[in-house]
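Given the sequences, and given the hints that come with them, work out the whole structure.
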Amino acid sequence: MKLKLTKLKQVLKTTTLQKRTLIFIQNSFLKNSRNFTHKMRNVALMLLSAFFFSCEDPINIAVDTPTTGGQFSTTFTDTLTVERATVMLDSTVTSEQTGALVGHYKDPVFGDVSATVFAQVTLPYDGTNGSYYPFAVATADSLTAVYDSMYVYVVHNGFSYGDSTKPVTLNIHRLTEDFVKGKKYLNDNSLAYNATPLASQVLTYKDFKRATVSTTDSLIKFKMPQTVGQELFALANKAESRDIDKFTAAVKGFAFTVNQSAETVYGLSLTAGTSYPVVYYHAPGDTVAKSLPLTFLGERFSEIKSNRQGTVLQDLKMFQSIPASATGNKTYMQTGAGITTKMTFPTLENLLKTGSNNVAINKAELILEPDLDQITGNFKPPAQIALVEIGKDNRLKKTNNIEDFVALDVASGVQYVSDYSTTNNNYKFNFTSYIQDIINKRKTTDGIALVPSIISTSSTGATTILIYNNNVSRAVFKNIKLNVYYSGKR
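Numbering (full-length UniProt numbering), first residue to last: 1 to 490.
Accuracy of the hints is not assured; some may be wrong.
As the list claims (entries may be wrong) - Calculated lysine-lysine pairs in the DSS-like style (CA-CA distance at most 30 Å, straight line):
1) 206 / 181
2) 106 / 380
3) 380 / 478
4) 206 / 317
5) 166 / 206
6) 246 / 221
7) 392 / 166
Hints in this document: simulated from the structure, not taken from any laboratory.
Structure below.
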């Protein structure tokens with residue numbers, strides 16, 4: 001849609017194309033006419049609307065207001081500086097999340113990446129009341145029950161990264177180290193485990209894709225050694241079977257690894273009703289084995305290691321930042337690894353130097369464009385990102401130990417996220433309220449950082465934004481723009 005100057009001339013005669021400014025001056029004969037005032041406001045509103053939705057280059061529109069005699073201009077600018085840098089965050093939490101990462105691949109931009117899952121085995125879980133219940137054989141079978149077998153069922157959450165045409169060997173190991181209750185585990189944490197796997201399978205992408213559905217026959221199934229299964233079965237109906245802390249101390253959990261020649265990282269789902277261990281037994285007269293399901297609902301996290309030697313980011317260290325000028329005017333983001341893009345806006349105060357004492361931000365957009373040349377094969381940008389305040393020390397800012405997400409709607413406090421648009425190849429944030437608050441000095445900022453995000457919806461329908469680090473999607477940003485439409489009294 002285009003704003004045609006010929007139509008504008010029919011409404012108002014004064015048009016200054018050299019300055020790309022259209023000024024609407026009220027007719028002095030009708031200066032005191034309420035009818036004229038009403039019409040002029042409608043005209044101004046119509047033209048402003050046409051301006052905002054115009055597909056042509058933005059122009060400066062000044063509107064004279066009859067009631068005050070003052071003249072207001074609505075101006076577009078895309079010249080506000082966005083200073084960018086690539087930053088390594090100090091902590092990347094991978095625990096307490098719905099998914100986990102396992103695999104290995106070599107990224108052409110970010111180097112060698114590997115991931116290991118550590119998952120605590122927990123008691124059966126009752127989703128209706130949100131609590132664990134005893135790991136116990138039915139009372140009628142308690143004296144005659146006989147162990148049959150133990151399996152671990154694994155669900156793929158749909159995430160894959162790297163060369164998915166090549167198979168991987170997925171291994172399950174027994175943990176030899178306890179989890180620390182309530183600890184927030186980071187991407188550089190790990191636990192000790194037996195080097196010899198309890199079970200292994202060579203799997204293709206089709207095997208993982210098939211395992212995204214919930215039916216048992218579709219899941220990836222590992223048969224556990226008899227000694228492990230019998231050990232767990234022996235805990236049934238014992239004191240450990242009724243106390244979560246005693247049970248996890250006795251069983252500990254598993255580590256999931258892949259062969260180091262693998263070329264793919266996969267996501268595993270560890271929520272209720274997805275991946276789980278199960279012990280089977282029978283009693284005399286049974287024709288079908290009975291099951292004692294367990295869960296992976298306790299402590300769990302992903303260790304994500306990166307070797308960036310030989311890449312443009314090989315010198316990136318924790319708390320440090322590399323300006324875009326040192327990396328070909330590009331900045332980087334790799335979820336799970338703690339690499340992000342930091343942005344500051346040093347020229348925002350220039351809006352206050354436009355001769356106006358009252359600048360109003362009509363519309364502001366922050367637009368981030370990934371480098372299409374780096375989106376190849378299965379190396380896709382993060383599906384969804386959010387913004388968090390970051391300090392001069394390159395630490396994410398927190399209040400009550402919760403990250404300070406940028407609230408882009410001050411009136412409602414809504415925290416917005418942005419989905420990657422494959423059509424436009426960008427992420428777009430409505431920045432209007434945020435910029436207005438900075439201009440009016442209602443808030444200050446040392447900068448904002450990009451974080452991978454996921455929206456969590458409670459049973460009441462309330463939504464919360466969470467940082468989702470169990471993912472290694474990455475992006476190389478070649479262009480970040482801050483577009484602002486603002487008004488000010490002349």
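Here is how each hint holds up against the structure:
1. 206 / 181: 36 Å, violated
2. 106 / 380: Status holds; Cα separation ~14 Å.
3. 380 / 478: With a Cα-Cα distance of about 15 Å, the restraint between residue 380 and residue 478 holds, given a limit of 30 Å.
4. 206 / 317: This hinted pair is violated, its Cα atoms lying about 38 Å apart.
5. 166 / 206: Given that 30 Å is the threshold and the Cα spacing comes to 11 Å, the pair holds.
6. 246 / 221: Roughly 27 Å between the alpha carbons, so the hint for residue 246 and residue 221 holds.
7. 392 / 166: Given pair residue 392, residue 166 is violated - Cα atoms ~43 Å apart, limit 30 Å.
Checked against the numbered hints given earlier, this structure breaks hints 1, 4 and 7; the rest are met.
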